[in-house]
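Protein chains in written order, with the numbering used here: chain A, 5 to 160; chain B, 11 to 428.
You may find that some hints are simply not true.
[Said to hold, decoys possible] Here are some chain A residues the structure puts well away from chain B; computed CB gaps all over 12 Å:
id	residue
1	7
2	9
3	97
4	127
5	128
6	137
[Claimed, not checked] With a Cα cut of at most 20 Å, we get these calculated SDA-like pairs of lysine to any residue:
id	chain 1	residue 1	chain 2	residue 2
7	A	63	B	284
8	B	210	A	113
9	B	380	A	83
10	A	139	A	55
Calculated from the structure, these hints are not laboratory results.
Quick reminder that beta carbons are idealized off the backbone N, C-alpha and C, glycines included.
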Amino acid sequence: MVREDIRARAEEVLFHYAAVIDDGELREWPGFFVQDGVYKLIPRENYLRGLPVCLIYCKNRAMMEDRVAAILQASIYSLHYYRHHYSNIRVEDLTADHATLLANYVVHRTQDDGDTMVFSTGRIIARITLTETPKFMEKLVVYDTCRIPDLLVFPL
Amino acid sequence: MDQLDAREVNLRWPAGDISSVPYQVFTDPAIFQAEQERVFRGPTWSYVGLEAEIPHEGDYKTTHIGEVPVILSRDREGGIHVLINRCAHRGALVLREAFGSKKRFNCIYHQWGYDPDGALKAVPLKSGAGSGAGYDDTFCMADHGLKQLRVETFNGLVFATFSDNTPPLKEYLGVVAPHIARVFDGRPLVGLGYLRQLVKANWKLYFENTKDPYHVSLLHLFHATFGLYRSTMKGEIYAEETGVGVLIAHGGTDEAKKAQYEQEGISSYRKQYALKEPALLNIEWEYGDRVTNSIQTIFPSLVNHQIGNTIATRHVIPRAVDRFELLWTFVGYADDSPELREKRLLQANLVGPSGYISLEDVEALEIVQKAIQGGAHDASFVAMGGRSAPFAEQPVRNMVSETAIRGFWHTWRALMGV
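For reference, chain B alone in the conformation it holds in the complex (with noise of 0.2 Å):
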């Protein structure tokens, strides 16, 4: 297979070079099918739900690690699986629907049977029937149970990895792990609901515009005339070699530097407009910091926000090479007050497909998809801040500065080979 990839996969891209990235990469077909064999099968920790999504035996949710559909499941002593949802007769989806709760996993076409870890424990008509002969001797039900992967949770985020060659989860987490862990605190988490949306752009244009804060107060009017975020506002830039890595911004230091926008110009920043009902951006500090904006991105799969009092994962499933899904699920704690889950609902309208600051993401997304149509050995030019991605321990204090999207591609080629 590798030797099959390599051979279909011809991208002209100076050794070593992260400060540019020729388009071919976000159009090219043969890429995609190598990313899901080196990325999405390879060394790395997909996103596939939450464990309060399926807090009983027998519940599940079907998802996607990258194009390969899977099962996130509880079994009976509590433990959860990953299982790839193909039947291992003759390949069918076992489970269709998107949530559920079973004691055993059906496969429609000819009945064959799964326990929720996966085990194969019924086979109709098995030694056949009348005068027919069933399966030979060798057929042994324990050789033809659902696949698993290797599945890691780290405080009720799960993931799972197709490779024995993946570091432990936490390793992998590495500095941004105690950032996920200020919002993902063990405390027990409350669904509360979906959002998704189909976009018509390459899923790794996402990401770079989710390690990307240099464009944020200029693309979002609404974040820079508020003050949710500024350019000239503190923050941190962490980025591991893992892929993984955190964009932090800190609210209510910022008013100093409104005069710097004004004067500059710049047409994001409109003073006059000033929202009819403040509530919407009524935050209260729930982590002892004035943090507004924590954006987690885990490779390869995964955006998590805490955006004021707003809380989400985004699961990013790549579709095709110009689509990928969002699945934003947005949650709270078992024990947040009335008050304060009202404001997780109202603050909702920032993100998602009609998020004051999230919508606009996708326009751009897609016309850097639409503009780069016979493009390919053009290239993207990400030299702001630097020409490298150090992965350090002390954070980048820098917000104009794309580093963490060079950090992004230095980790992508290492993996494809390229």
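Next comes chain A alone, as it looks inside the complex (with noise of 0.2 Å):
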């Protein structure tokens, strides 16, 4: 596969990722990663020092699964969403069956109030597997926002 091609296919996962947290059904995101793929949700000052704790921190599919689970079913918060915007996005260190996916992002939150406010920006650094429909092995994301408004539930 050509740079340009994977991509377009890493453009169109990302904005399929952000049609099912802002819009979708919650539960196909962990469909997103490969079985054993990780989910790391960090602040960039940890990131930076190399410390390694996450606000969220998945290890495989089945913690997302239960992520997932615990949001639906066990989690209280006010109603709430998203809504995701990419740029930049590029695809770096291209192997024979993998490829980084860099990208910039900004989630604006909107309360059932209607009040819509900057939620988080930060980047993206992915690995992802050259296949037809590309799938994270790892999904790091590093958000500049580092004092969390309020609380956070989905993932970015």
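Starting from two chains that each stand alone, build the complex the way the hints lay out.
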């Protein structure tokens, strides 16, 4: 696959992922990862200092499914919605079967009362498979908005 | 200053009552201002950080005591200082980064420079320039250092106080000291990272929450379901008159009581819910006991937790009458095995701004703050388990209790003089 082709597919995956989180069925979220895929939502300050603590850390899809179940059945929070926006999407470090996907993101959050805020901004550093529909082998979301407003329920 | 505060705090609260709390204490800006003076700059020990955060000479961390910006620093001899982060010249922040290391702390405004112990060492153009006169003969650099606070440490935790009247730290921590020392046991600590959040609620609501075992299994479904905590569990509540306390819950002993929960149909108990990845709750018993939760509240600024294998300090920083910041500092021990370290990172999912068992606390606090608007003369009811708050060597063993909350209000009323 040529780089431009991979980039286009990777972008499609990001957009689909956003649609699932923002407007779709949260249960589909783990399906964007390979079975032993890793998801880490980590503040920029920890990432830059090599400190390992994450806001959310799933070491496989089973943990993502648990996170989804907790959000849907256990967690208590006010209704709110995300809107993901991506830019500066790049594909690097191509190998025979995977590549690095880099992107910037902004997520707006709208509360049930209709107020919208910039909730989180940062970047994505991911390793994706070079399959027909690429999947995340590892997705690191490094968030700049370190002081989380209120709380964070849904994955970014 | 005290006179001004006394005039401005106008609170109707029957003397001695600690089982109902007027909502005004959470909404009145005048009370928030008075607290800065009487609580945060009063005879209390405020948490500033860990010795492990500033291991070397010149290392510093900037933080706050109440609203006051402070610096935690280490000097050339290894001594620890807490300095007010306000240049003695014109009041600018001297250090602006969250963490760093410098031999000289230079204010950017006019380049006044301080040693890490706060002593003023450099004043550019002190004698003026050209025909300028500079400072007069009475100017003495030794009089213009950064203001130092009293500092004491307890097993790696650093506290500071503005007051000469604060009792020694060990005495202040009282019966809770051994519970802190159980986790902060003197072994070298390693910082594992930070999580921060801004909560739209009064800071005291967080102390009520963390001194309240009654809510734990009712609000937090996750907790209740996996036996990390149930109200029927064995536990203890200790409280000191300084506002320091601890809640302890024991795990692995509660299967018999599970039936009671199911029978009572408490809605937060859902037996269908099981983890697909049980590694999350695969706790290693580290302390020779079966304590799953130990929550130490160190009035007025710190909550420590050990929940399973996750250990953190939660620094409560008041920002306004209706908001506070929570800074979670996660730690492990330098001698952790890689397996144990991984457990700490996995179990960090339980706590913090996205935590399975702490996310709802913020939701609860924020809906209280919303609901009490316009209700300053209405009051909460915290009489579960009695009307008083016994401070005793012996713990309260009933976990359906608001005794520690009442103890908090006893302490707060005494400090505030209301």
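Check: What are the numbers of the hints the structure violates, in ascending order?
Finding: Going through the list in order, the structure violates hint 10 alone and respects the others.
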